[in-house]
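Chains as they are written, first to last, in UniProt numbering: chain F, 1 to 755; chain Y, 1 to 755.
Among the hints, erroneous ones may be present.
In silico DSS-like pairs for lysine-lysine, Cα to Cα no more than 27 Å straight-line [to be verified]:
| no. | chain 1 | residue 1 | chain 2 | residue 2 |
| --- | --- | --- | --- | --- |
| 1 | F | K304 | F | K566 |
| 2 | Y | K608 | Y | K466 |
| 3 | Y | K556 | F | K72 |
| 4 | Y | K556 | F | K556 |
| 5 | F | K696 | F | K727 |
| 6 | Y | K466 | F | K556 |
None of these hints come from the bench; they were simulated from the model.
Every value quoted in this text rests on a predicted model; they were computed, and no experiment measured them.
2 protein chains.
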Amino acid sequence: MTWKIEDNSLDNQQLLVNESLFSLGNGYLGVRGNFEEGYREDYLSIRGIYINGFYDETDIQYGEKLYGFPEKQEKMVNIIDSQEVLIYLDDEAFSLFEGEVIDFSRTLYLEKGYVQRNIHWRSPQGKEVKIQFKRLVSFSTQELFAIEIMIEPIDGIQEVKVISEVEGDVRNFVDDNDPRVASGHAKRLTVREIEEREGFSIIKSKTEVTNLEVSCVSSVFINHQTSHQRTVKETSVSESFTCETGKPIRFTKYNVYTDTRKHGKQLVDKAVEIQKELSIQPFQAIVKQQESYLNAFWELTDIKINGDEEMQRGIRFNLYQLLQSAGKDGLSNIAAKGLSGEGYEGHYFWDTEIYMFPLFLMTQPKIAKSLLLQRYSLLDAARARAKEMGHQQGALYPWRTITGKESSAYFPAGTAQYHISADIAYSFIQYYLVTKDEAFLKEYIAEVLFETARLWIDAGHMRNGKFRIDNVTGPDEYTCIVNNNYYTNSMAKYNLLWAVKVFNQLQDTDVMEEIMVKLHLDKAEVKNWLQAGENMYLPFNEALQINEQDDTFLQKAVWDLESTPKDQFPLLLHYHPLTLYRYQVCKQADTVLAHFLLEDEEDLDIIKNTFDYYENITTHDSSLSYCVHSIMSSKLGYTSKAYDYFSKTALLDLNNTHGNTKDGLHLANMGGTWLAIIFGFCGLRVKENGIHFQPKLPQQWEALSFKLRYQKRILELDLNQEYVIYKLISGENLTIYHNEKEILLEQHETVKYLM
Amino acid sequence: MTWKIEDNSLDNQQLLVNESLFSLGNGYLGVRGNFEEGYREDYLSIRGIYINGFYDETDIQYGEKLYGFPEKQEKMVNIIDSQEVLIYLDDEAFSLFEGEVIDFSRTLYLEKGYVQRNIHWRSPQGKEVKIQFKRLVSFSTQELFAIEIMIEPIDGIQEVKVISEVEGDVRNFVDDNDPRVASGHAKRLTVREIEEREGFSIIKSKTEVTNLEVSCVSSVFINHQTSHQRTVKETSVSESFTCETGKPIRFTKYNVYTDTRKHGKQLVDKAVEIQKELSIQPFQAIVKQQESYLNAFWELTDIKINGDEEMQRGIRFNLYQLLQSAGKDGLSNIAAKGLSGEGYEGHYFWDTEIYMFPLFLMTQPKIAKSLLLQRYSLLDAARARAKEMGHQQGALYPWRTITGKESSAYFPAGTAQYHISADIAYSFIQYYLVTKDEAFLKEYIAEVLFETARLWIDAGHMRNGKFRIDNVTGPDEYTCIVNNNYYTNSMAKYNLLWAVKVFNQLQDTDVMEEIMVKLHLDKAEVKNWLQAGENMYLPFNEALQINEQDDTFLQKAVWDLESTPKDQFPLLLHYHPLTLYRYQVCKQADTVLAHFLLEDEEDLDIIKNTFDYYENITTHDSSLSYCVHSIMSSKLGYTSKAYDYFSKTALLDLNNTHGNTKDGLHLANMGGTWLAIIFGFCGLRVKENGIHFQPKLPQQWEALSFKLRYQKRILELDLNQEYVIYKLISGENLTIYHNEKEILLEQHETVKYLM
C-alpha cells in the first residue's frame, strides 16, 4: 500500500533511522519516533521533541578567529520529554527487547497523520498481552502531541500498571566521536517551574542563553483504575495507574507545548487553556480532525502514479514529511532536517527557497506566504549582517540561521554563499508570478528585492563594461571563494532586473513613495541596478560552448572520479577542502541548477553541453543534487536518466542511502522529488507570460495525475504514455503553454494533447 | 650611543614592550625583560622564560572541523621561572613603584650581551640604597641564565635581606579578551621533582601532553651573610639571605636549564654538571666570555653607518636580536617572535628562509647550516603532511610548526601557503650558491629539492602546454586560495629547475644512485620536473605590462585606501576576510617579493611597472612588507622611498610602531633591515655566476661599511656618497660584479669604484 510506511525492525541502527522516518510534526511541534517505553539499555537513541525556531545560543570555537566570524551559533533545543509511558504486567516491565515478540508492526499512516504500533507480546514469565500505541502531532491544534494506548491482557495477568512521565531534564544529542559537537553544548534547558495544577502536570523550562521559555502541560486519562498516584520530582512529574484486568485498558496522554516566541509570557496559562479545550475531545475526535486536515491537504497536493508503487509511496512520504516540517506561523521556516532530528541544528538554509518553497507555492500558497513572511521578518538582521560584512548598503541573508544571525562556523562554505540573498529574492518573485498578489508585492516583495539588489551593487563592480561579483561561493561546496560564479551572477542579475521591474511598476504610487522614503532610495540607484543587471558577466567557455562555473573552474585539473574508490565518498569526509577545491569536481548541481531556474538565460544547446560536462564531474555528495539532475535530464530528453535520478530522491531517506537519516530527514531532497515530477517530467515553468508544460511521462509509469494552484485557479493534469489532459477545475479561463503552444483552458473544461 | 638600548619608563604599557626589547637569549634559552623584583600588583606582565623548540600540544577547536584540519597545535611553553630576586631593607621591600626613585636606568649593551639596571632609590621610610642588576643569557654556555646584583646601602639601613626564588608553577600568557587563547591552554607544565642537592635548587617539570621534561638547577652566591635559609615548597624553592650592611653586597644567581630534547633523560644530572663547571667562574668571567663571543659576532656581522645614529642603533639592535633568537643546534629554528615572547606560539614560518636566513648565510654560515639541518629533520613530517593533504608524493612543509606538525588553524592563510616548500628549497639553493658545499649538496640539498619538486608536480597540472598550480595562497594574506599565484609559481619553477640541475650535476655518481633508490626516483620523473619548470605559467597582464598576482587578481575592484580611516588599519582587525579577499588590496609584498628573489625572471620595465602598481594597493599590515619594498625601491632608483621603508624596518620594534611588540619582537622584519641594506642599498644578488652589487648609498648617510662571507672568503665593502671600495680580506681571488661589470678582487687588495 502506498499510503503507509511500515517497519518492524528492532535493530538499533534501523531504530535510529526510524526515529526520523516515523517522526511526527506539524511545522510547529515535532516528535521523533521513539518508543514510549524505550529500548534496551545498551541501545543508542536520539530521543527528542522540538519546537520549530525554539533555540538557544552556543559559543562557536575557532582555532583562529578573524573579524566578523560569528561568535554564537543558534541551535534548536531538545525540549521537555513527554513521550514516556511504561507498562507493567504484574511488575514485569513491557519491553520489545525481552520476552517473546509474537507480533509487532509499526505503521505511519500518511493520509491519517498518525503512527500506530501493534504488539502481541509474551513476557519472560509467560504473560500475554496485546498493546496498541497510537500517536499524533495535531495539525489542527499545533501545540498538541497526543498518545493513545490500548492494552488488552490476554493471559495470566492480574494487574496492569501504567506509568506516564514528563521529564524536564533533557539535553541535545551529543556524539563524542564528532568533534563538531562539544559536550558542553548539550544541556540547554533548565526546569524553572514544576507543579500539578487542576489535574495537569506542568513543567516550564528556560534556555541557558536566550532566556526563552517552553512549557509542557500534560494530562492523562485512563478508562478504569484502582489507584492513581502523581509524583512531582525536581525535574519530572510522573503519574502511575494501577488497573484490574477485567476489560481492555484505554490510556490517553495529551501533551500541550507552548513557548514564549509564539505564546508570550503567559505560556503556561495558554497551555492550560488549550488543555481545557481538549479535555472534552476524546482521542478519536482528534484523530478525525487530523484525517480531515490531511484530506484537504492531499486533495490539492497528492500526486497519483499508476504502475510504480515504490515511487508512489516515496513521493507521498516525502510530501507528507514536508507538510510536517513547514512552519506555518510566519515565525518559523523549514529546517534542513525539518523537526525530525538535530542535524544542522534546526537551521534554515536556501533549501527552503529553491527546493521546498515551489511545492507549497503551487499547492498550499498560504504556507508559502508564511514562509516568505518569516524571511521578511529577518530583513533587519540581514541588513545588519551586510554592514558587518563590510557593505555600505543592502541585505545579506545569513547562510544558516534561525532568527537571522549567521550561524555558520566555516565561512568558505557558509557566509560566502551570497547567492542565498538572490535565492530568497527569487522565491518572492516566484510568489508574485504564481499569485499576482499585488498587496503582497507592495508590502513585502518590493522591499526585499530592493534591499537584496543593493547588496549586489555593493558586493560587485563594473569592469570593462561588465558587472562582476568576486569572491563568493556558489552552491557547489567543493569549489569555494571564486569570482563570477555563474549561478550567483545569473541569480543576482534576475534579482536586480526584477527590482527594477517592480520599481517601474509601482513608480509614482503612494506606496512607492513611502518605500523610497523608508529606504532612502532614489532613482539613480535604480538606474545602477538596471545597468548592473543588464551587463552582468556570465562566464562562458567558447571552446566547450558551456557556461563556466566561475572564472577559473575549467582551468583546473579534472578529478578522476572513476578511479576514486567507492569508500572515499562523500569526498568531503576523506579529503581536505584544499584538495577538493583544486579540482574540477562538484558536490552538487551549480551551473546546471542556474539553467533550471533561469532557462531563458541561455540557448538550449549551451544548456545541454553544460549539463553533459558537469554531470560527469558531479559526485552528488549533497542530497540537493539528484533532483536538479533529474529535472534537467527530463528537459534534455535523457528520460531514463531522469527517472533514475528521480528514484534516488524518492527513496533517499526511506532507504537511508546517504547513511545519515538518523540525524534527520533530508527535507530539501524531498521537495526535490516533487520538483523532479512537476518541473521535470511535466516540464512546468512559471514565466511572466504564464505557465508552461512540456510533459514526458517516464516509461515506467502508466499514468500520473496531480493538481496545481495558479493565480486563484486550480488545474488538474492527467498524463499517460499517449496523451496529457489539462483541466481547469476552478477559476477563470486561462491560457497555458503546452510544448510552447498556447492553449486556452475554460472552466471545468478538459483539453487533451498527445504527448 | 649606538651600542646600547636604554629606557627608564615605569609605565605599564612601555614595560610590557620593554619585556620584549630587553629580552635576552642565545637561540636556545630566552628570558623576557622582566624585573627581578616584579612590578606593582595591578600591572600586567608577561613573565616568561622559554627554550627554543620546547613545546606542548593543545587542542585546536573548530566550529566546523573538516577533513585534514590539524587537531593539535604545537605551542612553546613558558618554563620554570628563575627571575625572581626580592630585596628587603630592614623589612621594607624594594620596589620601583614605591618610595622615591632618585635615579633609574636600564640598558641593553649590544656589544657586551647583557642588560644592566642602575637604581638609586629611597624607601618610603627614607632609607637610601643603590642597586645594580646585571643579567645575561650566555652564548658560550647555552643553558645559562645568570644574574648579578650589587647592593650598596647608603643611609640608615641595618640589615639587607635577599630572597631568591625558583618557581615551577608557571603558565603561558592568556589574554581573556583574545578568544584565540583559551584559558585552559595556559597551564602546560607540572612540577615532577623538586629538591635541594649539593647546594643547588632543583626543579624538574613535565609538559601535559608531549611529556617533555625541563629542569632548572639554580645556584646562588652572596659575598657575605649572617644567615641563610632554603625552603623547598611544593612547586618552588626559595633561598633567603640576611646581610649586615658594612660593605656592598654582591649577589649572583646562576640558573641552568636543560631539557629532554637537547639533553636526554639525564637532564637534571647534566644541569648539575654544568653548574659545577660554572661554580669556579665568577660572574665577571662569564661577562668576559660573553663579550668575546659578541666581539667575534660583530667582527663579521656589524654594519657601520656614518651620519645616522638612530638607524645605526636600529640595525645593531635588530642584528643582535636575530643572534639571540636563532637556534644553533640543528634541533631548533627561529620562531617568528624569537625567544622574546609568546606571540605565534613559538612557531617557525617561512620568515626564517626568506627574511632571516640570508643574514646568517652571508655572515655566520654555521648558524645558517644549522637552520637548514633543522628543516631537513622535518622532511619526513613534510612527506606525511603531503599525503594527508591528498598528494601522491612529495613533501609539503607545514605553514607553522615546531617539530613538523601543521599547527595552523585557519588554512586559507595557513596550510594553503604552499609556497613555504619552495621557500625552504630556495634557501637550500642559496646556501649552495654561497658556500659551494658539495658534501652538503649530496647529503641534504638534493633530497630536499627532489621531494619539494615532487610536490609541485602533484599539486599542479599541465594545461594547454602550461604548468599551472591551482588553489593556493601566496604571501599576501589579503588574497587567499587563488590559481597561479605568481610568487608561488615562480618559486616552484626555480625549485623544479634546480632539482633538475642538481640531478644532472650528480647523475651517475654513487651518491645519486643511493638517493634514487631511497626515493624511488627515476629519470622520467626528472623529465617531468624539467617540463613543468620550463613551462610554468606566470600570469602577465598585457594591458598593464605587469605580472598579475594570480589569475584573477586584477579583475577585482581596487580597495580605496585613501578613504579608509587610519584607525581601520590593520585591515584584518576591522574587516571580514571575505571583504578583504574581494578587493585588490595587499597585506604585504607578493609579486614584488618574487621579483626581488628571482629578478632574472622578468624584464626590468615589467618589474618596475609591477612595483608601481602593487605599491599603491599595499597596506604593509604585515611586518614582512617594508623591507621588500625598500629593497625594490633601491633597485628601481626610488632612493628616498627606499630609505623611508628601510627606516620603518629599523625602528619597528624600538618604536613599537605595529603596537604589538609586547607579544614579542618581529624577527623577520629585523632580518629585513639587514636585507634592505645589503640587498637594497648595496644591490647584492647571489647568482650562479657569482655575486653582484649595485650600490646606491642613501643620501642621509655619509658612509657605510660591512663584511660578507662568500665561498670561503671574507669581503669588506666601504661606501660613501662618491665611491665604493671592495676589499678581499681573506680567501682566494674572486671575480665579482659591480653594476654588472666584472671585477677581479685579489687577496688583501682594494678596488675602488665611483658610485
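_So, against the hints stated earlier in the document, which numbers end up violated here?_
The structure breaks hints 1, 3; every other hint is satisfied.
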